[in-house]
Amino acid sequence: MKSEFELLKLAKKGNEAAFLKLYHRHQGPVFRFALHMSGQVETAEEIVQDVFLALLSANGFDAASGSLQGYLIGAARNMLRSRMRHAWRFMEAEPATLGCELLDALSKEQELHDLRVAILSLPPNYREVVALCDLEGLDYAQAATHLGCPLGTVRSRLHRARAILAAKMQKRVGCTA
Amino acid sequence: MNEDIDLIDKMRRLASALPREASPRVEQRLSAAFRARHSRKAPIWLYAAAACALLLLGLSFIYKRQSAPPADFVYNASGFVALPYSQSGVPVESLVVIRVAVTPSQLSSMGVAVPAVASSARVKADVLVGQDGVARAVRLVE
Chain G
109 MKSEFELLKL
119 AKKGNEAAFL
129 KLYHRHQGPV
139 FRFALHMSGQ
149 VETAEEIVQD
159 VFLALLSANG
169 FDAASGSLQG
179 YLIGAARNML
189 RSRMRHAWRF
199 MEAEPATLGC
209 ELLDALSKEQ
219 ELHDLRVAIL
229 SLPPNYREVV
239 ALCDLEGLDY
249 AQAATHLGCP
259 LGTVRSRLHR
269 ARAILAAKMQ
279 KRVGCTA
Chain X
-12 MNEDIDLIDK
-2 MRRLASALPR
8 EASPRVEQRL
18 SAAFRARHSR
28 KAPIWLYAAA
38 ACALLLLGLS
48 FIYKRQSAPP
58 ADFVYNASGF
68 VALPYSQSGV
78 PVESLVVIRV
88 AVTPSQLSSM
98 GVAVPAVASS
108 ARVKADVLVG
118 QDGVARAVRL
128 VE
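Heads up: the protein sequence lines correspond to chains G and X, in order. Residues in the first sequence are numbered consecutively from 109, following this note's numbering. Residues in the second sequence are numbered consecutively from -12, following this note's numbering.
Same shape as in the complex, but just chain G (with noise of 0.2 Å):
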């Protein structure tokens, strides 16, 4: 079996099945952290499909540097805040600005929906490490690799965000009672 350097040196030489295959293998999680930082599944496959066009430019990818995944991961946490910097204010969850596929699959489940809602509005800081600790289900320390900041860093943020969301839901909770 190649490893992922290999695989990634065939498929900058033209081998399709090289780069399909290291597809294959990273996408989810691309597109998976994409999607909790945008919201919009449309714009978590374009980041995809940005981030695998530009692990095939000349200097991209360094296996001394760390793994491809963090690698990728943060190549889309690059391009998230590019694309969104102006945007990020606007994310701040009002339901219209999901993506109305995610409406759709969560509409049964409110809960998980106001949920939802409640982490876009997060601030993108406290975003990351929930998607990455919360919703990928990374260890602090893939997460902080991943975000290239401390430890400890992760672990304020994160309690931070929780205590955020659990505030969120409260206040949902005594809404609907």
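These are calculated hints, taken from the structure and not from any lab test. Glycine included, C-beta positions come from ideal geometry on N, C-alpha and C. Some hints here could point you the wrong way.
[Claimed, not checked] Here are the in silico distance ranges between beta carbons for each label pair:
| id | chain 1 | residue 1 | chain 2 | residue 2 | range |
| --- | --- | --- | --- | --- | --- |
| 1 | X | R7 | G | Q218 | 20 to 30 Å |
| 2 | G | G122 | X | V77 | 48 to 58 Å |
| 3 | G | G178 | X | L41 | 40 to 50 Å |
| 4 | G | N186 | X | R12 | 22 to 32 Å |
Since the structure of chain G is provided, determine the placement of chain X on it from the hints.
Same frame as chain G, but now just chain X:
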């Protein structure tokens, strides 16, 4: 603590309710982009061959320059100067001298040092021509 666990549990449920992967259309678009990118690229051997050809061309030019006789090379003791790039492949068997009147600029282009005269003036020169009709050397008469 229990609130945290409950929240995390809900988030896990939320994550499993959301799409897990990009749709197949992303793969199709990526494949198309990949093929377009690599079909435009000329094979690397083509670049290598072009680079070698340029290198050979450069080297042959340098060699030609070096093998040409220097302009101040004296053809023989009688003051003739070999004409640049006039080396015929035919060995010299007989030579004739032809006297000509040329402008100083024509003479200097043949590699002969010209005394300071008016540029419109003509100076006399002897041209050494081989039996094959190729001019081999030139000499300033005046």
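Each hint, compared with the structure:
In this structure, R7/X and Q218/G meet the distance hint of 20 to 30 Å, their C-beta atoms being roughly 22 Å apart. Separated by about 55 Å at the C-beta atoms, G122/G and V77/X satisfy the suggested range of 48 to 58 Å. Taken as a hint, the range 40 to 50 Å holds for the pair G178/G and L41/X, whose Cβ atoms sit roughly 43 Å apart. A beta carbon spacing of about 24 Å between N186/G and R12/X agrees with the range 22 to 32 Å that was offered as a hint.
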